[in-house]
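Asks: Top to bottom, those sequences are chains W and Z. Every letter in the first sequence is one number past the one before it in the numbering used here, and letter 32, counting from 1, is 32. Every letter in the second sequence is one number past the one before it in the numbering used here, and letter 76, counting from 1, is 76.
It is worth saying that the hints were derived from the structure and are not from the lab. Heads up, a few of these hints could be off.
Now the in silico label distances, taken between C-beta atoms and shown as ranges [said to hold, decoys possible]:
| no. | chain 1 | residue 1 | chain 2 | residue 2 | range |
| --- | --- | --- | --- | --- | --- |
| 1 | Z | 61 | W | 75 | 34 to 42 Å |
| 2 | W | 75 | Z | 51 | 35 to 43 Å |
| 3 | W | 53 | Z | 16 | 47 to 55 Å |
| 4 | Z | 38 | W | 5 | 30 to 38 Å |
| 5 | W | 27 | Z | 2 | 30 to 38 Å |
Even glycine gets a Cβ: it sits at the ideal position worked out from N, Cα and C.
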Amino acid sequence: GQQLNQSPQSMFIQEGEDVSMNCTSSSIFNTWLWYKQDPGEGPVLLIALYKAGELTSNGRLTAQFGITRKDSFLNISASIPSDVGIYFCAGRDGSGNTGKLIFGQGTTLQVKP
Amino acid sequence: DAGVIQSPRHEVTEMGQEVTLRCKPISGHNSLFWYRQTMMRGLELLIYFNNNVPIDDSGMPEDRFSAKMPNASFSTLKIQPSEPRDSAVYFCASSPQLTGELFFGEGSRLTVL
Numbered sequence: 001g002q003q004l005n006q007s008p009q010s011m012f013i014q015e016g017e018d019v020s021m022n023c024t025s026s027s028i029f030n031t032w033l034w035y036k037q038d039p040g041e042g043p044v045l046l047i048a049l050y051k052a053g054e055l056t057s058n059g060r061l062t063a064q065f066g067i068t069r070k071d072s073f074l075n076i077s078a079s080i081p082s083d084v085g086i087y088f089c090a091g092r093d094g095s096g097n098t099g100k101l102i103f104g105q106g107t108t109l110q111v112k113p
Numbered sequence: 001d002a003g004v005i006q007s008p009r010h011e012v013t014e015m016g017q018e019v020t021l022r023c024k025p026i027s028g029h030n031s032l033f034w035y036r037q038t039m040m041r042g043l044e045l046l047i048y049f050n051n052n053v054p055i056d057d058s059g060m061p062e063d064r065f066s067a068k069m070p071n072a073s074f075s076t077l078k079i080q081p082s083e084p085r086d087s088a089v090y091f092c093a094s095s096p097q098l099t100g101e102l103f104f105g106e107g108s109r110l111t112v113l
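All chains, full assembly: derive it from the sequences and hints.
Replies: Okay, structure coming up:
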């Protein structure tokens with residue numbers, strides 16, 4: 001079945017540093033979504049990508065849909081303490097008009113003030 | 001605007017008991033998804049509906065799990081009988097259309113003793 005490999009699994013960085021995380025899939029996707037989850041809350045959508053090569057920003061966050069359609073990355077610039085949380089990539093199969101959205105295992109981000 | 005509303009937020013029950021989780025999607029959203037989150041398996045898609053019709057229930061772990069969507073504003077996920085391995089956070093999410101972005105509720109944390 002489809003799998004998403006998300007890396008790194010966790011990161012511990014200093015406030016002000018930039019962060020990069022990525023996801024790769026075993027098959028072609030037509031949608032990549034990036035979510036953030038805080039403790040005790042549901043995932044919150046950060047960025048949505050629908051076209052290969054698309055580069056989209058949301059404040060200090062930037063995400064790209066890989067040209068091969070099998071990968072995506074998320075960058076966070078100038079990290080701040082409230083960036084702490086778990087970041088998930090999610091992708092949707094490109095082979096058909098299916099709604100099935102699968103999630104990566106998550107990247108846990110810790111920011112040291 | 002109200003987001004996805006789930007209830008209960010927390011449930012503790014004993015093995016063998018019936019559990020019913022409830023979800024009210026965002027008004028106007030046509031698709032509804034049920035996910036389960038555990039440390040070991042991450043976010044797993046259980047079942048999703050489009051226009052109140054179940055589209056894919058291949059993620060439902062066993063016959064003990066069932067889900068219904070009697071109308072556009074309400075869905076239930078039922079576990080009968082519950083087992084300790086069902087302990088997890090169950091999320092409901094809705095989307096404007098089948099291939100759109102998912103918006104999550106805050107989750108229902110289930111503990112089966």
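Asks: Hint by hint, say whether it matches the structure.
Replies: Hints, one by one, checked against the model:
no.: 1; hint: Z/61 - W/75: 34 to 42 Å; result: holds (36 Å)
no.: 2; hint: W/75 - Z/51: 35 to 43 Å; result: holds (37 Å)
no.: 3; hint: W/53 - Z/16: 47 to 55 Å; result: holds (53 Å)
no.: 4; hint: Z/38 - W/5: 30 to 38 Å; result: violated (19 Å)
no.: 5; hint: W/27 - Z/2: 30 to 38 Å; result: holds (36 Å)
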